[in-house]
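*Asks:* Residues per chain are reported as follows:
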Amino acid sequence: MNCRKAKTLLIHLMGEDLAGEAAAEVRRHLRECPACRREWDLLVKSWELLDGYETPPVSHGFARSVMRRLGCETRVGVQTRHTPRWRFASRLLSGLAACLAAVATAGLLWQHLVRHDGTRGVPPAPVVPDEEIVRDLDVYENLDLLQRLSLLADLDVVERLDRSSLTGDAKRDEE
Amino acid sequence: MQEPFDRDTELMLRCQAGDEACFEKLVERHKQRVFGLVFRFLGGRADAEDIAQEVFVRVYHARRSYTPRAKFTTWLYTICRNTCFKELRKRKHNTVSLSQETPPSGEVLADRIAQPHTASPSAALLQSERVHVVKTAIDALPEAQRMALLLRKYDQLSYQEIAKAMGCSAKAVKSLLYRAKQNLRNSLAPYVEKGESSETSSAGRDLSE
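Chains as they are written, first to last, in my numbering: chain A, 1 to 175; chain B, 176 to 384.
In isolation and in its complexed conformation, chain B is listed as follows (with noise of 0.2 angstroms):
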């Protein structure tokens, strides 16, 4: 007996049959994630809602090449992850010196997050200085490594999802999970050691009060 699709698969089957209504649905369950991993991608741009509908318009597009046999948030991160490359290739390309910035090193890098900022009394600023922190050390990381990452992080995707999405082996996304981990780590640890001493440093002025 044949094993009934899942709802994403039955959408997709009747949207290649020609029910537009039922890509619609699809945009509609997806969005979220598709905006969310270019948005996290590319850096917060704020095109990244432009870039999003252009992975459902070629996921439209693409439509007949779609079948069954793979899961369809797969299929869709294939094509999400190389419409951002696509775009980064092109940002790279379009982008002028005078707008360019530099990847930082990593010691550029853990100065800048190292910054003194959390002098900051709002929380709502910390958490903002949080994300801003997080953000430049996701986009220093390699392209590879940050979509594997993203991936993985913010869409728990397995390694094998992942390697489908990406075009490689599952080994070759646990390398690039490792390596990625390990940049982070050291791009966040100024930051993090920051917020240790100063919680240990309050914590100090607590007793001695």
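If we strip away everything but chain A, and leave its shape as in the complex, we get (with noise of 0.2 angstroms):
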């Protein structure tokens, strides 16, 4: 067995998890090999230097301490039984709160968004009476006469200037 494999095995020789010849054999290469012993040493002595470390007296009142300790903690788990019940309804009652609240929220941002979108939000027909349709669709077939009344106005100048010129002339013939 050479040093490496002894001193992993060292520890499980010192927690008796080793036995039989693997044991035996740690053991003769501890007897061979004052290294591999040195390191043994360490264990050994570093695990029963722990026995000093001893723990002080517990104190004479450490029972009656706990008992009275339950005796206190059971009052007051009489005096507070129904405190799971009212915590249960605040939870209750706050959750419900949130709700309405996220469903008041969701409501005002739906509107918000219906007002800004046009394709979502159509707005209401304005209500027209019908006289004023007839009279909009009158201007409308006749647009295009309006468009030229102006022109037609300057005709009927020149036609009534002709009429007149004619007729002058012709009392003038008579004469």
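Where hints are given, some of them may not hold.
Below are the BS3-like pairs computed for lysine-lysine, each with C-alpha atoms no more than 30 angstroms apart in a straight line [what the hints assert, rightly or not]:
| hint | chain 1 | residue 1 | chain 2 | residue 2 |
| --- | --- | --- | --- | --- |
| 1 | A | K5 | B | K349 |
| 2 | B | K246 | B | K328 |
| 3 | A | K45 | B | K346 |
| 4 | A | K45 | B | K369 |
| 5 | B | K349 | A | K7 |
| 6 | B | K310 | B | K346 |
| 7 | B | K328 | A | K5 |
| 8 | B | K310 | B | K261 |
| 9 | A | K45 | B | K265 |
| 10 | B | K369 | B | K200 |
| 11 | B | K346 | A | K7 |
| 12 | B | K310 | B | K339 |
| 13 | B | K246 | B | K349 |
| 14 | B | K369 | B | K265 |
| 15 | A | K7 | B | K310 |
| 16 | B | K369 | A | K7 |
| 17 | A | K7 | B | K200 |
| 18 | A | K45 | B | K349 |
| 19 | B | K200 | A | K45 |
| 20 | B | K346 | A | K5 |
| 21 | A | K5 | B | K246 |
| 22 | B | K200 | B | K267 |
| 23 | B | K369 | B | K346 |
Residues on chain A that point at chain B, a partial pick, calculated with CB under 10 angstroms [to be verified]:
| hint | residue |
| --- | --- |
| 24 | A35 |
| 25 | L42 |
| 26 | V58 |
| 27 | S59 |
Stretches of chain A that chain B covers, calculated by requiring three or more beta carbons in the stretch to come under 8 angstroms of a beta carbon on chain B [stated by the list, open to error]:
| hint | region |
| --- | --- |
| 28 | 18-31 |
| 29 | 46-57 |
| 30 | 60-67 |
In short, the hints are calculated from the structure, not lab data. Glycine is no exception: its CB is placed at the ideal position from the N, C-alpha and C atoms.
With the hints as a guide, bring the two chains together.
*Replies:* Next up, the structure:
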């Protein structure tokens, strides 16, 4: 057995986890190898050093104190037996309030979106009286005529002028 | 024929039935071992007794969940371990940086342990120094290694019992103990070597005289 393998097995040997041939082999190696024996001594002494760590004795009134604590806790438990129900109710109420607030916020947001998005919100059609529709239709149909109204007026003036000049010439001839 | 219960189980069953005097007897029987584990695990804190009391309060509150299939001490150690871990977590959260001591590295710990305090004339002082060195080395171990080591070394629990108390496999316990022993050896080696060298030098002095 080499030192590397022996050193890994030393802790197992100390913990009495190594038995049989393996343990005998490590022990044989320890007898032959001073370095591993030194490592073994270190391990054993470190482990034995822990024995000196003693705890102080527990106080005489320890058990009484535990029972007193239990008594206090039991009394507190009786007094506050309904606390979980109140807690449940308050949680339920706060949950409902949160849901309502969420619904209201969503509604407001929806309205806001509808106002700004033309495809979703079509404004209601204004109510127009029938007379106005007929008048507008009339105007539309005679638009062409109306656009040429000034021209027609000019033509009318010219026609009148011609007629009057013609009638004037005829009177002069008779005279 | 049904096997009779051991004394602890019997007391616990009677406690389940509402006999509080039996619970007090249980506390009396196990107070020192619970206190010892808490004290060593939490690094010798002054409030270790309060926390040990807390363990028993929890045992009382959990009495209905106890079944006689498990050994009472294993169940007790499970509760003790949970309380200790919880306390340690609480301590980590609550401690502000001013009072928090950073865990020492291996070298720092070795230097601290190797401080030349061995010149103390009194045996009591020497013992107190040893306890301090051991306490420092144990406190430097990770939580799980520390718990496994304390249960094995001071309470002589088997691997199976430790595994049950810690909620892991026996193989995992072996691994934890292996690493704990290795870490302890590294931490305590300077102190052990120093002790050896002082013994050798004093022996040498004696021989020369």
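*Asks:* Hints first: check each against the structure and report whether it holds.
*Replies:* The hints, checked one at a time:
no.: 1; hint: A/K5 <-> B/K349; verdict: holds (18 angstroms)
no.: 2; hint: B/K246 <-> B/K328; verdict: holds (19 angstroms)
no.: 3; hint: A/K45 <-> B/K346; verdict: holds (25 angstroms)
no.: 4; hint: A/K45 <-> B/K369; verdict: holds (12 angstroms)
no.: 5; hint: B/K349 <-> A/K7; verdict: holds (17 angstroms)
no.: 6; hint: B/K310 <-> B/K346; verdict: holds (26 angstroms)
no.: 7; hint: B/K328 <-> A/K5; verdict: holds (25 angstroms)
no.: 8; hint: B/K310 <-> B/K261; verdict: holds (20 angstroms)
no.: 9; hint: A/K45 <-> B/K265; verdict: violated (35 angstroms)
no.: 10; hint: B/K369 <-> B/K200; verdict: violated (46 angstroms)
no.: 11; hint: B/K346 <-> A/K7; verdict: holds (20 angstroms)
no.: 12; hint: B/K310 <-> B/K339; verdict: holds (26 angstroms)
no.: 13; hint: B/K246 <-> B/K349; verdict: holds (21 angstroms)
no.: 14; hint: B/K369 <-> B/K265; verdict: violated (37 angstroms)
no.: 15; hint: A/K7 <-> B/K310; verdict: holds (26 angstroms)
no.: 16; hint: B/K369 <-> A/K7; verdict: holds (22 angstroms)
no.: 17; hint: A/K7 <-> B/K200; verdict: violated (47 angstroms)
no.: 18; hint: A/K45 <-> B/K349; verdict: holds (20 angstroms)
no.: 19; hint: B/K200 <-> A/K45; verdict: violated (38 angstroms)
no.: 20; hint: B/K346 <-> A/K5; verdict: holds (20 angstroms)
no.: 21; hint: A/K5 <-> B/K246; verdict: violated (38 angstroms)
no.: 22; hint: B/K200 <-> B/K267; verdict: violated (34 angstroms)
no.: 23; hint: B/K369 <-> B/K346; verdict: violated (35 angstroms)
no.: 24; hint: A35; verdict: violated (14 angstroms)
no.: 25; hint: L42; verdict: holds (5 angstroms)
no.: 26; hint: V58; verdict: holds (4 angstroms)
no.: 27; hint: S59; verdict: holds (6 angstroms)
no.: 28; hint: 18-31; verdict: violated (count 0)
no.: 29; hint: 46-57; verdict: holds (count 10)
no.: 30; hint: 60-67; verdict: holds (count 5)
The structure fails to meet hints 9, 10, 14, 17, 19, 21, 22, 23, 24 and 28 from the earlier list, while all remaining hints are met.
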